[in-house]
Amino acid sequence: MAEKKRAVRIYHRNLAMVLGLILLVFILIPVFVKSPYVLNVFVLVFYMSTLSMAWNLLGGMTGQNSLGHAAYMGLGAYACCLLITKTGANPWLAAIFGMVVVGLVAGIIFYPCFILKGPYFTLVSIAFGEALRQFIINSSFFGRASGIGLPFGKDSWLDFRFGSKVPYYYVGLIMVLGVYLLMKKIERSRMGYALRTIREDEDAAAAIGINPTRYKIMAVVVSAMVAALVGFFYASYIRYIDPELMVQAKSTESVLPAVVGGAAYVEGPLVGGLIMIPLSEFLRAKYSAILPGINMLMYAVALLAVIRFRPAGILGWYMHSNVKTFIDTKLLRKPSVDVLEEVELAQYHKEEV
Amino acid sequence: MSDSPIIEVQHITKRFKGLTAVKDVSFSIKEGAITGMIGPNGAGKSTTFNMICGYYPPTEGQIFFRGQDITSKKAHEYTNMKIARTFQIMKPLKNLSVLENVMASAYFGHAAAKNEREAKEKAMEVLQFTGLYEKRHVISKDMGTPDQKRLEMARALVTSPELLFLDENMAGLNPAETEAAIQLIRKINESGVTIFLIEHIMQAVVSLCEEVIVLHHGEKIAEGTPEQVMNDPYVMEVYLGTKKEDAAHA
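Quick mapping for you: the protein sequence lines, in order, are chains A and B. Following our numbering, the numbering of the first sequence begins with 1 at its first residue and continues without gaps. Following our numbering, the numbering of the second sequence begins with 1 at its first residue and continues without gaps.
Keep in mind that the hints were calculated from the coordinates and are not lab data. Remember, it's a predicted structure, so these values are computed and weren't measured experimentally. Be aware that one or more of the hints could be misleading.
As the list claims (entries may be wrong) - Straight-line distance between alpha carbons at most 16 Å, and here's what the computed EDC-like set of lysine to aspartate or glutamate pairs gives:
id : chain 1 : residue 1 : chain 2 : residue 2
1  : B       : K141      : A       : E200
2  : B       : K120      : A       : E344
3  : A       : K350      : B       : E118
4  : B       : K30       : B       : E162
5  : B       : K91       : A       : D201
Given these sequences and hints, build the entire structure.
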């Protein structure tokens, strides 16, 4: 037993070291990389991955494919910007305000929509996004098509306003990590199990006492609130928003990292985001000047290749691959499932005594 | 265990547009017993079952659980009343392990686990009871039908029900597997759970049930002990057809 406990301890230590190393690399990147362009790509990766995680809670975990996440993000951005420009409120307070507003709007609008299933729900989410965009284009309160700009000024943490990209990099990194931990927590909680049961079959979910509508609403609200947080971050970073933010293509962009990375996994959007967004930016920088549009074509080919050859996403492949077995056993020295379980149960037992 | 019925069904009728699937059916389920429902395909067994389990309300009639009217209760409210069910077509969380499947159910119902540890402990206990313990780390979609049927039962049992509905839990099993399933159902019943089951396999019905209800064309045509029901002339006619000489006499 003592030996097994030691093996588990070594494994946990190795795992912590590898994860710590990855985190350290990300923390040190701005120290060594000075190019604003490269930092911009990283910031883009951070907020698009966060948006994709928001989508994944609803699309991946609950099986409700939404194509309206750009609308939540846009609405969040608008709510924050309007509060800041009209009342001069502090941006951090405006972020909370934006999240609450978007959470409420999503909850109220989608409550009656959850009698719709599968593709019909997706259609409603598209219609919701487009309706909201048209409303904003035609409303002078929202600044019509010309959008809203946030005031510029000297660097300030209180106003979340910087000339350099480095602070945005770190705030983005904290946001992506925070949302990841939240999603991980949800996955392992009662709510996570409820959502995954609903994804498989709503009747089966009801049979074990899950109220499908209640949990789907919870998922929509949390997902929309995270999207609103991304909207706040985007508005503070770019310092200008317009209704173009909510176009359908942006919603699709929020789906891609999750699908490419593996929608069944909480980590999927992170992996997908880290691969697809730099690829897209690289192709744009390298080829769009040579032959306009060729970058989009190459991006599409890369996307098709993933969907054709790795339909479960990159993580879906990795989880069952020899690469993982190799890393687990050789690098991390992961003990067998039985040993892990035995130690865990022994731990429970010890706490009881 | 008292003699009063745990479930009382009074004159339920279900019409789907013009089609009457179940017509004026009444019966009761005795607490602590195993009650079976049989009938040919399309007799309305599953419709009756789904009405009692809250999946759709009856067009007419009422359903009582321990004297309380539960006719309009929703399916997801049943677990809290200590009632659980399984499905004829298994609905496991395909990509999760057996243990995780059972843990998911352990989080809900009247005795819901408060944290991961409690859920795991409850799940382990039920897995031992249902004989799935050795397979707890297998991904559920990789298991065969008999084990998936067992998993269905484990997921229902972990909500600690007092009344368990089993929908064709033995369909697709071979005789040895059927025997094992019968043993398990008896063991569940002996632990104090009232059972109501739909079954096609007569061997199972005869050896398990104290009371049998026979449906045909949406109507109840007989009820009683398995022997009484098997010897009922109308039931024999429905299941075996009429004898030639009987037909000639008529």
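A quick look at each hint next to the structure:
no., hint, in the structure
1, B:K141 x A:E200, "holds, 12 Å"
2, B:K120 x A:E344, "holds, 11 Å"
3, A:K350 x B:E118, "holds, 15 Å"
4, B:K30 x B:E162, "holds, 12 Å"
5, B:K91 x A:D201, "holds, 7 Å"
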